[in-house]
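Produce the entire structure from the sequences given, and follow the hints as far as they go.
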Amino acid sequence: MPEQLSLKDARALVVNAQGLAAKPSRADKQAGPLGVIDRLSLLQLDSVNVFERAHYMPVFSRIGAYDKAILDDASRPLTETGEQAKLMEYWAHEAAWVKTEDLPLHRFRMDWYRYGTDDRRYSRRRWEMVQTQHGKLLQWIRDELQTRGPLTISEIEHDQNIRKGAWWGWSDVKMILEQMFLVGEVVSAGRDKFSRRYALPEQVLTGETLARMLDPKPDYDQNLRTLIERAAKAEGVATVKDLADFVRLKIDRVAPRVRELADAGILVPVEVEGFKDLGYLHRDWQSAAAQNQLSRANHVTLLSPFDPLTRNRDRAIRLFDFDYKIEIYVPEPKRVYGYYTLPLLQNGNLVGRIDLKSDRKTRELLVQSAWHELDVKPSAVDGLARDLAKHLNEISAWQGLTATVIAAKGNLAPALTSAVG
Numbered sequence: 001m002p003e004q005l006s007l008k009d010a011r012a013l014v015v016n017a018q019g020l021a022a023k024p025s026r027a028d029k030q031a032g033p034l035g036v037i038d039r040l041s042l043l044q045l046d047s048v049n050v051f052e053r054a055h056y057m058p059v060f061s062r063i064g065a066y067d068k069a070i071l072d073d074a075s076r077p078l079t080e081t082g083e084q085a086k087l088m089e090y091w092a093h094e095a096a097w098v099k100t101e102d103l104p105l106h107r108f109r110m111d112w113y114r115y116g117t118d119d120r121r122y123s124r125r126r127w128e129m130v131q132t133q134h135g136k137l138l139q140w141i142r143d144e145l146q147t148r149g150p151l152t153i154s155e156i157e158h159d160q161n162i163r164k165g166a167w168w169g170w171s172d173v174k175m176i177l178e179q180m181f182l183v184g185e186v187v188s189a190g191r192d193k194f195s196r197r198y199a200l201p202e203q204v205l206t207g208e209t210l211a212r213m214l215d216p217k218p219d220y221d222q223n224l225r226t227l228i229e230r231a232a233k234a235e236g237v238a239t240v241k242d243l244a245d246f247v248r249l250k251i252d253r254v255a256p257r258v259r260e261l262a263d264a265g266i267l268v269p270v271e272v273e274g275f276k277d278l279g280y281l282h283r284d285w286q287s288a289a290a291q292n293q294l295s296r297a298n299h300v301t302l303l304s305p306f307d308p309l310t311r312n313r314d315r316a317i318r319l320f321d322f323d324y325k326i327e328i329y330v331p332e333p334k335r336v337y338g339y340y341t342l343p344l345l346q347n348g349n350l351v352g353r354i355d356l357k358s359d360r361k362t363r364e365l366l367v368q369s370a371w372h373e374l375d376v377k378p379s380a381v382d383g384l385a386r387d388l389a390k391h392l393n394e395i396s397a398w399q400g401l402t403a404t405v406i407a408a409k410g411n412l413a414p415a416l417t418s419a420v421g
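Count the sequence shown with the working numbering and you get residues 1 to 421, in order.
These are calculated hints, taken from the structure and not from any lab test.
In silico SDA-like links for lysine to any residue, alpha-carbon gap of 20 angstroms or less:
id: 1; residue 1: Lys86; residue 2: Phe181
id: 2; residue 1: Lys23; residue 2: Gly383
id: 3; residue 1: Lys29; residue 2: Asp73
id: 4; residue 1: Lys377; residue 2: Ala297
id: 5; residue 1: Lys29; residue 2: Lys86
id: 6; residue 1: Lys68; residue 2: Arg39
id: 7; residue 1: Lys23; residue 2: Asn349
id: 8; residue 1: Lys99; residue 2: Ala211
id: 9; residue 1: Lys29; residue 2: Ala397
id: 10; residue 1: Lys68; residue 2: Asp28
Just the calculated beta-carbon pair ranges, DEER-fashion:
id: 11; residue 1: Pro414; residue 2: Glu208; range: 55 to 61 angstroms
id: 12; residue 1: Leu374; residue 2: Asn298; range: 22 to 28 angstroms
id: 13; residue 1: Lys29; residue 2: Asp277; range: 36 to 42 angstroms
id: 14; residue 1: Lys276; residue 2: Gln133; range: 43 to 49 angstroms
Remember, predicted model here, so these are calculated numbers, not experimental data.
C-beta atoms are modelled at their ideal positions from N, C-alpha and C, and glycine is treated no differently.
This is the structure in structure tokens:
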């Protein structure tokens, strides 16, 4: 019979696994941004820049102020020494940074895009279309990269490198490069002003990583087991559906590998209070919980809309009773909380949401609305506001801002205005 786990204990496991339980320690800060990626397995990338780009925020939420250039530099190969980058970009969840040595774990995705399966998302039709309809241009791009080295789309000159409209109106060159990226014919060599630099694998990968990328017979099942195990460790406790969401695969692809990991004793089945489905706990977290090694939750931080604690909206409701939706694409009159609201974590609970914007011209941090959840006790509101005010000062310092301006919108705004002073 599976172990029983209370919802309170499940929350404690999750925030510990996510590195969000305790205030950042000296060891956390020394491990730095790459230590956060080790813990989380990946960082989801996003171009929206209202307060801060989403991939920089999860690191700040876990270790406090840091130099964002560390992440940018880690995603670029060191051409002077021939070293490969520490981070690579791929569709590991959505577009995401992963450790470079982990990129070959995603060969199964690349080959699905190339050869096709019964899963429509990984259909080979687009790659076949590129080869049959754009074969000459495809070869020209290969030759151009081979001759000139890693290039951004703007550095590739061709009469078919012309946008066909706004937003996703990609040129033929961009479309082909993206398909080459999906199937692993090119990889990322960092970004310049958020424009991806494309490279042939042999130009930026070395040693075992390159050998695994070029392996003609990769062990797809073992690679997927590795990814699922890492997802389980990052999640703390998770259902099969949660793990499938983490690795962005259908449940019927993930479930057999979960059973294999459970049979091997790596994942431990648990019945979690309030969960309809069986949960799975990584054995390392089972051991930590049994030995009373979980940190007490005393951390206060805002989270990115795509932070792994909350990006799975169903999971956030199930674990924290926190119903969160990003309202960027909602017309302003219909928005409830604001354009770019960030979840607020206090002592292991999701207790509010703040619509935040950085005005870099005036060097002001704009709190456009501030809300606490309805289950926050009235006696706790002032303390929450003080905690948030202190955290906003930390945010301002990290962003190089000099003032905090609070709009009179939201049930937390009056107390926050008083706390900021």
